[in-house]
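J.: This is what each chain is made of:
There are 2 protein chains.
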Amino acid sequence: MRKVYVAGGACTKYIGKFHPDFVWKRHPDFGKRENPDLQDYVRDAAIEALVDTHTTAAQVDKAFVGNFAGELFDNQGHLGASLAAADPDLAGKPIARLEGACASGGLAFAAGIDAIRAGADVVLVVGAEVQTTVSARDGANFLARAADYKRQRPIDEFTFPALFARRAKALTERTEATMEDFARASVKAYANAGRNPLAHMHAHKMTLEQASTVSDSNPTFLNNEELKPFLRVSDCSQVSDGGTALVLCSADGVARLGRKLADCSEVLACEVSTAALSADPSPLALDNSASAAKRAYAKAGVTAKEMQVAEVHDCFTVTEILMYEALGFADTGRGATLLREGATAIDGAIPVNTGGGLVGFGHPVGATGVKQVLELHRQFHSMCGDYQVGGDPTLGIAANMGGDDRTAVVTILRSAS
Amino acid sequence: MRKVYVAGGACTKYIGKFHPDFVWKRHPDFGKRENPDLQDYVRDAAIEALVDTHTTAAQVDKAFVGNFAGELFDNQGHLGASLAAADPDLAGKPIARLEGACASGGLAFAAGIDAIRAGADVVLVVGAEVQTTVSARDGANFLARAADYKRQRPIDEFTFPALFARRAKALTERTEATMEDFARASVKAYANAGRNPLAHMHAHKMTLEQASTVSDSNPTFLNNEELKPFLRVSDCSQVSDGGTALVLCSADGVARLGRKLADCSEVLACEVSTAALSADPSPLALDNSASAAKRAYAKAGVTAKEMQVAEVHDCFTVTEILMYEALGFADTGRGATLLREGATAIDGAIPVNTGGGLVGFGHPVGATGVKQVLELHRQFHSMCGDYQVGGDPTLGIAANMGGDDRTAVVTILRSAS
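Protein chains in written order, with the numbering used here: chain A, 57 to 473; chain B, 57 to 473.
Careful: at least some of the hints might be erroneous.
Just the calculated beta-carbon pair ranges, DEER-fashion [stated by the list, open to error]:
#1 B:Arg-89 - A:Gly-398: 51 to 61 Å
#2 B:Asp-145 - A:Asp-194: 50 to 60 Å
#3 B:His-110 - A:Asp-194: 45 to 55 Å
#4 A:Asp-77 - B:Trp-80: 45 to 55 Å
#5 B:Phe-74 - A:Val-289: 27 to 37 Å
#6 B:Ala-335 - A:Thr-359: 43 to 53 Å
#7 B:Arg-207 - A:Phe-86: 18 to 28 Å
#8 A:Glu-397 - B:His-110: 26 to 36 Å
#9 B:Asp-85 - A:Asp-194: 32 to 42 Å
List of simulated lysine-lysine pairs, DSBU-like, C-alpha gap at most 30 Å [claimed, not checked]:
#10 B:Lys-73 - A:Lys-206
#11 A:Lys-59 - B:Lys-69
#12 A:Lys-350 - A:Lys-225
#13 A:Lys-284 - A:Lys-261
#14 A:Lys-225 - A:Lys-316
#15 A:Lys-88 - B:Lys-88
#16 A:Lys-361 - A:Lys-316
#17 B:Lys-59 - A:Lys-355
#18 A:Lys-59 - A:Lys-73
#19 A:Lys-206 - B:Lys-88
#20 A:Lys-355 - A:Lys-59
#21 B:Lys-206 - A:Lys-69
#22 A:Lys-261 - A:Lys-69
#23 B:Lys-261 - B:Lys-284
#24 B:Lys-69 - B:Lys-316
#25 A:Lys-73 - A:Lys-225
#26 B:Lys-225 - B:Lys-73
#27 A:Lys-206 - B:Lys-69
#28 A:Lys-73 - B:Lys-206
#29 B:Lys-355 - A:Lys-59
#30 B:Lys-88 - B:Lys-206
#31 B:Lys-350 - B:Lys-59
#32 A:Lys-69 - A:Lys-81
#33 A:Lys-81 - B:Lys-206
#34 B:Lys-59 - A:Lys-206
#35 B:Lys-225 - B:Lys-88
#36 B:Lys-284 - B:Lys-73
#37 A:Lys-361 - A:Lys-59
#38 B:Lys-59 - B:Lys-88
#39 B:Lys-284 - B:Lys-225
#40 B:Lys-81 - B:Lys-225
In short, the hints are calculated from the structure, not lab data.
Think of the CB as a built atom: it goes at the ideal place given N, C-alpha and C, for glycine as much as any other residue.
Make a model of the complete structure from these sequences and hints.
T.: Below is the structure:
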């Protein structure tokens, strides 16, 4: 099996509502300029990743784009051909778009790994999404295409928030987790984002009191009265626009680019597990993600205890706590305690979502799985500035999830230095 | 490089307007049953392909789904998780959905090849699309997401028909091709479909007079007056629902399934070429498809003259003629002559689209690239019934195309017997 390396990558700012760069009706640039569109993010992330890794477009053997719903949010599909437009030398390359709901980026990364194992030496992986073009209500309907639409759309106008409120309700009723614990996850996310200049919520503060209290600025919003109390706006990931890209290489590819292995990260495992869209998972666990993680640990020959940094899919705060358990950082039902004890803070034993995660950094859907891997790579190579983890981490894990734990992509990465 | 084999596959009926199974307001079953939805086609094609190849779901290592626009036509994305629901033993497998406009199926097939070269032994590739849920007008808008939407959508309400009418106009003005030649392509497609019980247009007749004449039953329909005369309904591929699936194997996989190599087909080459969405190609050639074909011939070590059967992407009749040239069956500007001489008929020197192609068999977008490969495999193994080519063909080529020649997937297949 050929080894696969992350040579580097790049990430655009993630922006949307509350971000100072985001143009909306009260922005001074309103009417003067438009926000970047999906094709802009595909191009910008790709070009920046090539620059970051000193790669010319001609050196790329294959490329993949992760995107969930460009056809809906920006009337644009066929993003492989969009990426081919990013540089004249990308034209003619084999490029494909991958979709697996919020795991679209993870699937693009996994396709890149297959391509290298199949013989390619240099692979460009781009993830991008634009979501701010429609109202939150319309966006929630678009995102519901990641669920079993006919069956699950009637649950609530905000389908996915309701599916995860169901989990939050179950956890508070049947484990030690409380709504305050979910608020703690939010506070950590915003605090980390405050150290990350690329984060959507970089300039936005969140105190434990704010996140714990239902208020005009932090309302509950579900229509389903039974589920409504279990999800506040502060528990949700952001509706963001953005793009992230990685350059993956074989050992020969690293040499072709004139890079040093010491500046790269090695993919020890990348396991994809897909659960049936027609099935309702237990609300108390992310069993499909746990299954992917178990396989990834086995393939990499490492254990959860050895992880030094992690990126997990916190589409909602409850998801982060369940991810701690799925990845083996905490026993079943004990995820909230791990968070409460501070173990997952930047200076904790296993820092999680150091750049702010989906709640703080933002969640341009197709970009997220790509960004998670880039974040681990950056932590290994001391590139995280104000949110750099101490102790020179060299081993980490990323868990990207699509739908209600229906597609899981778990990656274990090690510094090649 | 590991060898990749097609072990077999299956195809649902392709149905839509004019097909007797298709439920619409004048159908006797109207109000009693609904047409199958996208998830039905994904499941049915997958299960039938497993049955055809005596493969259990547990034996599948990885799977891929090709689909263009499920989010739009059927409110359903995340089709990897949909496929995982097709059989309890598919749950937990790595599955991803690939999109590249009308080449989505070809890209899913290409991903399957990478997966086998990367180490998988048994890979399931499914292509499916449902398009009959909306009006032709709304459908044309959905399909325009395969173009550079902001720039090209204003061309015509029927964006893609207009883009290919532009090619038909250029050909009739600057080469020997005539509107009657395009009609001949249509007549061939319907005639072949008449021999194919799975074809959308199986029961529909088309004479040269009907296809050549603009009439109430064969109108022109573009709004753009300059382009309007160059495209009739008979020149268009069908708006179809359907699914097709293949089982791909390594040599070890063929043995694992207890299959004989002699019943399989070997993939000699599968080349993907992606052109920039922002560029306008020459109307007189499919340069991107030609580039993919050139690379495929070189990798396979064969020439155009050796091809015994072909499947080409005839989204419109003019595309078929241009494909003859792109694949090297005819010199530049001479594709129409090849057709006129009957060389591409079932009993011709190089039979093309023997089951009816996109115009006759139908064009459930994401299924098409998968179906093309299955058709070659079936021709090699004498499985084509009334449209079986004589002379026991053993070598063929398939060309699947997305957008206006923006993504091309060219596959060269040889009987392994």
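J.: Determine for every hint whether it applies to the structure shown.
T.: Evaluation of the provided hints:
no.	hint	in the structure
1	B:Arg-89 - A:Gly-398: 51 to 61 Å	58 Å, holds
2	B:Asp-145 - A:Asp-194: 50 to 60 Å	38 Å, violated
3	B:His-110 - A:Asp-194: 45 to 55 Å	47 Å, holds
4	A:Asp-77 - B:Trp-80: 45 to 55 Å	49 Å, holds
5	B:Phe-74 - A:Val-289: 27 to 37 Å	51 Å, violated
6	B:Ala-335 - A:Thr-359: 43 to 53 Å	50 Å, holds
7	B:Arg-207 - A:Phe-86: 18 to 28 Å	24 Å, holds
8	A:Glu-397 - B:His-110: 26 to 36 Å	54 Å, violated
9	B:Asp-85 - A:Asp-194: 32 to 42 Å	34 Å, holds
10	B:Lys-73 - A:Lys-206	24 Å, holds
11	A:Lys-59 - B:Lys-69	43 Å, violated
12	A:Lys-350 - A:Lys-225	26 Å, holds
13	A:Lys-284 - A:Lys-261	24 Å, holds
14	A:Lys-225 - A:Lys-316	49 Å, violated
15	A:Lys-88 - B:Lys-88	54 Å, violated
16	A:Lys-361 - A:Lys-316	29 Å, holds
17	B:Lys-59 - A:Lys-355	25 Å, holds
18	A:Lys-59 - A:Lys-73	41 Å, violated
19	A:Lys-206 - B:Lys-88	19 Å, holds
20	A:Lys-355 - A:Lys-59	13 Å, holds
21	B:Lys-206 - A:Lys-69	24 Å, holds
22	A:Lys-261 - A:Lys-69	18 Å, holds
23	B:Lys-261 - B:Lys-284	24 Å, holds
24	B:Lys-69 - B:Lys-316	27 Å, holds
25	A:Lys-73 - A:Lys-225	28 Å, holds
26	B:Lys-225 - B:Lys-73	28 Å, holds
27	A:Lys-206 - B:Lys-69	24 Å, holds
28	A:Lys-73 - B:Lys-206	24 Å, holds
29	B:Lys-355 - A:Lys-59	25 Å, holds
30	B:Lys-88 - B:Lys-206	41 Å, violated
31	B:Lys-350 - B:Lys-59	20 Å, holds
32	A:Lys-69 - A:Lys-81	20 Å, holds
33	A:Lys-81 - B:Lys-206	22 Å, holds
34	B:Lys-59 - A:Lys-206	41 Å, violated
35	B:Lys-225 - B:Lys-88	45 Å, violated
36	B:Lys-284 - B:Lys-73	23 Å, holds
37	A:Lys-361 - A:Lys-59	24 Å, holds
38	B:Lys-59 - B:Lys-88	48 Å, violated
39	B:Lys-284 - B:Lys-225	9 Å, holds
40	B:Lys-81 - B:Lys-225	37 Å, violated
In this structure, the earlier hints numbered 2, 5, 8, 11, 14, 15, 18, 30, 34, 35, 38 and 40 are contradicted, and the remaining ones agree with it.
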